[in-house]
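Peer 1: Chain order of the listed sequences is F and V.
Residue 25 is where the first sequence starts when you use this note's numbering, and the numbers rise one by one after that.
Residue 1275 is where the second sequence starts when you use this note's numbering, and the numbers rise one by one after that.
For the record, the hints were derived by calculation from the structure and aren't laboratory data.
Since no wrong hints were added, every one of them can be taken at face value.
Quick list of in silico lysine-lysine cross-link-like pairs, DSSO-like style, CA-CA up to 30 Å:
#1 LYS25(F) with LYS1331(V)
#2 LYS129(F) with LYS1285(V)
#3 LYS1331(V) with LYS129(F)
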Amino acid sequence: KQEVTQIPAALSVPEGENLVLNCSFTDSAIYNLQWFRQDPGKGLTSLLLIQSSQREQTSGRLNASLDKSSGRSTLYIAASQPGDSATYLCAVRWGGGADGLTFGKGTHLIIQP
Amino acid sequence: DAEITQSPRHKITETGRQVTLACHQTWNHNNMFWYRQDLGHGLRLIHYSYGVQDTNKGEVSDGYSVSRSNTEDLPLTLESAASSQTSVYFCASSESGTGGRSAFFGQGTRLTVV
Chain F
25 KQEVTQIPAA LSVPEGENLV LNCSFTDSAI YNLQWFRQDP GKGLTSLLLI
75 QSSQREQTSG RLNASLDKSS GRSTLYIAAS QPGDSATYLC AVRWGGGADG
125 LTFGKGTHLI IQP
Chain V
1275 DAEITQSPRH KITETGRQVT LACHQTWNHN NMFWYRQDLG HGLRLIHYSY
1325 GVQDTNKGEV SDGYSVSRSN TEDLPLTLES AASSQTSVYF CASSESGTGG
1375 RSAFFGQGTR LTVV
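Pulled out of the complex, with its shape left as it was, chain V reads as follows (with noise of 0.2 Å):
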């Protein structure tokens, strides 16, 4: 069955530290997305991308970045870790085109920085 996987489940990482968690789809879907998670806020959008070589930010990008070298991964990169940046993080897939399809998540990342 396809899915979609993140990769480490947990990470505990110091502040200034750079991050990089890993999602890899095998639905072959061309977007892809990242979320962060947090208690009082909900789910909020950090990037996504419509494909090869596309990237976009979303609502909370701020010291966030991604990369899209094919169509089944989307690694978000933490720059210079922050505690506000300790969240739980999820990876979502869905089909391209217009009027619509059902977005598939990933297990989400739990990111500790201490």
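This is chain F alone, in the form it adopts within the complex (with noise of 0.2 Å):
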């Protein structure tokens, strides 16, 4: 069965801290990855989105990678705020044409002022 974990499922971190969130697919023959973001009582947010092709991407503080070969993906978070608290989702559209997302469970982070 295909299926995206996420390590740890909750983080609490002082402010200023870089962090990394965690990953992990089961089947290397992904179309893409995408990660988002989810403030409690909303919506999922879109952050980054990584082709299969791609190594990394960057937006700001956040920089995703990619590494099909070990089924694994990382989220960093550079000069953490107050504001970055959130649950953290990775999602994954697999390869052989299915459009719909698998969803890890999520990375709840706490930042502490």
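Hints given; two lone chains; assemble the complex.
Peer 2: Below you can see the structure in the form of structure tokens.
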């Protein structure tokens, strides 16, 4: 079964730290991988999309990497701020034509002021 | 700005009733999706559509149906609501085409079946 796993499930760090969130997937034949942010009671906001042919994508203080051969992606957040507190979700679109996304269960991130 | 809107935002219904959740997008995207989000399971795909008159079953489609009569709307119907369908439902859309596109999500509908 194609699955996506995120570790850790929760993380609490002081403001200003650089941090890494991890995502692993069971099948290397992916179309793309997307990182989302979800605030409590809200919808999902797309942060970064990495195509299967790419190794990384950057947006501001966020950098996402993709290693298909090892089935891993990481989301790096530089100089964390309290406003970064949210749940971060990793989602994979598998190869083979299925257009829906398979999500990990998320990492709940708290940045302490 | 283009957006994707879900209604209602909150709904309480009784077991056995038929319920329809609305999803409307102004992105002009061909692809639309419905997911449910539950503690311990994350988001799971219910149904999806690649365009008008096209619908497909996802991972957890039992007890749900969708229809696509135009590009903008993909309503989700619970034929006979069950307590197990208490969840938060999210609608999403994306452009069609190979290579993948970003998916855009609505704000969600919190459904409680009592």
